[in-house]
Amino acid sequence: MAPKVKLPKPGELAKIEFKTPATDWMDTPVEFKPGTFCWGSKEKDLLTLGLPNPRQWSPADEDWKVPEGWETTILEGMAERLSKYRSFKIFMDICVRCGACADKCHFYIATGDPKNMPVLRAELIRSVYKKYFTKSGKFLGRLAGARELDMDVLKEWWSYFFQCTECRRCSVFCPYGIDQAEVTIIGRELLNLVGLNIDWISGPVANCYMKGNHLGLEPHAIAGNIESMVDDIEDITGIRVNPTFNRKGAEILFITPSGDLLGEPGIQTCMGYLMLFHELGLDYTWSTYASEGGNFGFFTSNDMAKRLNYKIYAEAKRLGVKYIIGGECGHMWRVLNQYMDTWHGPADFLEVPVSPITGTVFENARSTKMIHISEFTADLIKHNKLNLDPTRNDHLKVTFHDSCNPSRGMGLLDEPREIIKAVCNNFYEMPENTIREKTFCCGAGSGLNASENMEQRMRGGFPRANAVKYVQEKHGVNMLANICAVDRAHFPALMDYWNPGVGVTGVTELLANALVMKGEKERTTNLRFEDLPGKGGNE
Amino acid sequence: MDVKFIGIFNEKKSAISSRWLDAMIASYPNDNSGFLMNQKDRFANPVGYTFTIGIEGIIEVLVKGEDFSESVSFLEDIIKVRAIQDFTPAKAMAFVFQLKTIVREELGKEIRQNQIYDALLDFESKIDDLALTAFDIYVKYREQIYELRTDELKRMTFSLLKKANLMSEIPDQEFEHKDQK
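In order, the protein sequence lines correspond to chains R and P. So the first sequence is numbered by UniProt numbering: it starts at 1 and just counts up by one. So the second sequence is numbered by UniProt numbering: it starts at 1 and just counts up by one.
Be aware that one or more of the hints could be misleading.
To be verified - As a list, the in silico DSSO-like pairs of lysine-lysine whose alpha-carbon atoms are at most 27 Å apart:
no., chain 1, residue 1, chain 2, residue 2
1, R, 397, R, 438
2, R, 155, R, 115
3, R, 44, P, 154
4, P, 154, R, 42
Stated by the list, open to error - One-sided excerpt, in silico: chain R residues whose CB lies under 7 Å from chain P:
no., residue
5, 113
6, 459
7, 467
What the hints assert, rightly or not - Computed footprint of chain P on chain R; a stretch qualifies when at least three of its residues, placed anywhere within it, have a C-beta under 8 Å from a C-beta of chain P:
no., region
8, 28 to 40
9, 261 to 274
10, 424 to 435
11, 488 to 496
Read the hints as simulated data drawn from the structure, not as lab findings. Here a beta-carbon is modelled for each residue, glycine too, at the ideal position from N, C-alpha and C.
Next up, chain R with everything else stripped away, as it sits in the complex (with noise of 0.2 Å):
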C-alpha cells in the first residue's frame, strides 16, 4: 500500500495572506533564498586585495564568520566617513521623507518590497546612524527612528546593499540631491571592513588588481583576442588592420573594458574600434597593461577604486601619449568622468584632447585628458568624415539604452544617438520616462551581473524590458543598442527572458558595419557573419 500523503486541504495553498506584515520592517528579518543573492567573497581574493576578514564563507550560512567586535569596526568606519565625506554626513541628516524617490528604483517597481525604496534602503544605515550619532536617536531609540546595530542588520546591508545598482535613478527625483548611489557605496565600504563582499565584485577586483584588469586576462590573452578579431574583420572586409600594443610614443591611448575583448556581443564592439581606428590612420595603441577601463574597485571602496585607477594615467604617462580615448562602458565613466582627475590628476603631462581629423578641441576633457569614443565619432559623423552606408542596417530596428553612469553620470545622451541615426535608418526611441536622464537601469549593474543571481536581474530589468516591449510591438524594434560593457553582458538574457527576438549591440558595433573602408570588398555579412540585407547568398 501507498504511504499515507497528506494532502492540504481545498484552498490551503491558495490562501495568500491578506494582511500587512505583521511585523515592523525594523522587525523583519531578511530570507535569503537562491536565485536572489550573489555569491559571497572567496578567502583567496580577499587575500590577494589585503582585504579584512579573508575566509570562506556563505550568505546561505546562518554564520557568516564576522571576526570578533565587528561592531565597533563598523560604527568606528561609520564615524570616519561621517567625518571625511560631507555628503555622507548631509545624506545621513537631510531626507525628509517626501517619498519622491519611493517608486523610482527598479528593484522596488518590480517587486513591491519597501525595502527597495531608495528612502527605506538609506533608511537602513540611517537608523543605525541615529542610534550612534545623533542624540535624539540616543535617548529616543525606536521613537526617533533608531536601532541597534546586530546581526540581522548586518545581514539586512549586505541584502539591500547589493540589491541597489547605483544606478542614481532616484536621485534625479529627489529635491533635496541625496544621492542614494553614494549611500550605497558607504553601506559597501562598510561591509567590505568585516570582509563581507560579492565573490563577482571581490573575484574581478582581485583579477585586476594582479592582471591589470577584470576577467585576468594575461598580455598575450588580450593581443591573441586581438589578433583573431583582426582575422574575422579581414574574412568580412578584405581589409587587415594593424592594431599596436604598449607602443610608446603613440598619440592616443586607447582602453576599454576587458569584457569587449572576450564574449558576445561585446568582441563585435570591439572589432567596431579597429576598423574605425584604422580606417582614420588613428596614430593609437592599446596597452595590456591598463587592459581594463571598468573599475570594480568603485563597488568595493573610494581606496580600492583609487587603487585600480592608478593605472590609466601611469601608463599614459609611461607610454608618452597626448591624451586617452576610452572604450563604450558604463560604470567606468562615472569613475573617469567624476573621481579620476581627483585621485591621480591633474594629468598635467597629457594635452588637452584634440581630434586628428576635425581639429575638434573637447573642452570637456580639459581636466581629465581622457574622452568618450561617443563624442569622438559624433564629432567625426558632424563633420561628415566618414563614408557611411547605413542600409546595410536596413534589417535592423534599432532603440537605445542609455546606461545609467553614461547619461546621469557624464550627461552623454545626445551623442549616441547622433552616431545611430547616422548609421541606421530605423531608430525608436522608447517612452520619455524611461531614456536620457530618466533611463531605467538594465538591472545588473553596479557588479550584481553574476549569474547566480539570475531571477534578480530579471526582476530589476523588468521597467527596463517593458520599455522594450512597448517599442517592440510598436515599431517592430529587434536591436537594442548601448553604450556599456555591462549592458551587453547582461541584456541577451535579459532579453531572451522579456523579449525574445531582440537582439543586443554596442553602438560602434553598428557604426563599422555601416562604414565603407576605404579598398574594402563587397561585404556580404556584418560582423556577425550574418548576411546583410540582399547581399547573403542564403535568401
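Fit chain P to the known structure of chain R by using the hints.
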C-alpha cells in the same frame, strides 16, 4: 456557452476584473503604499499594468467563449512576472483558481435565480483548462531561468573555446546534408 450566463457575466465583468486584480495585488502584502494598484502609468508601474491588461484580456476571451488560446499571451505576460518574484509555485499560480471563487461569489445569486448551474460548471472547466496551460507556462519560464545561466556562460567562453580548438561549428551545409539522409 449559455447565452444567459454570458449576459449575466458581461454585466458583472468589470466587478469581476477588479476583484481579480485586488486578489492578485493582495499577494504583495508588503506593498503598503498601494503603489502596484494606484500608479497607472504603464512604464512607471509595469507589474500593475501587466496584471491589469492581462486580467482584462483573459476575461474577455473567456466570456466570448472562444478558443482560449487567444488568452495565452496575456497569461504568459502575467506568469512571466510571477515566476521571478518571491513566490512558491502554488502562490505564483493561485490567481488562476481565485477566479473561480470570485465568479461564484459575484454571480451566485443570478445563477441560482436562472437555474444555470451547468453553464457555471462549463465556465469553471474553462478555468481548469486555463490553469493547466498556466502550469506549462510557469514551468517553461522557470526552466528558462536556468537556461539563461548556461547560455550566458556559453556566450562568455565561446570565442575562447573556439580559439583553443576545443569547439568547432558545424557548417550549415553539413547540417543540411545530414538532414537529408
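A quick look at each hint next to the structure:
no.: 1; hint: R:397 - R:438; result: 22 Å, holds
no.: 2; hint: R:155 - R:115; result: 13 Å, holds
no.: 3; hint: R:44 - P:154; result: 26 Å, holds
no.: 4; hint: P:154 - R:42; result: 23 Å, holds
no.: 5; hint: 113; result: 6 Å, holds
no.: 6; hint: 459; result: 5 Å, holds
no.: 7; hint: 467; result: 6 Å, holds
no.: 8; hint: 28 to 40; result: holds (count 3)
no.: 9; hint: 261 to 274; result: holds (count 4)
no.: 10; hint: 424 to 435; result: holds (count 3)
no.: 11; hint: 488 to 496; result: holds (count 4)
Going down the numbered hints, you'll see the structure goes against none, and every one checks out.
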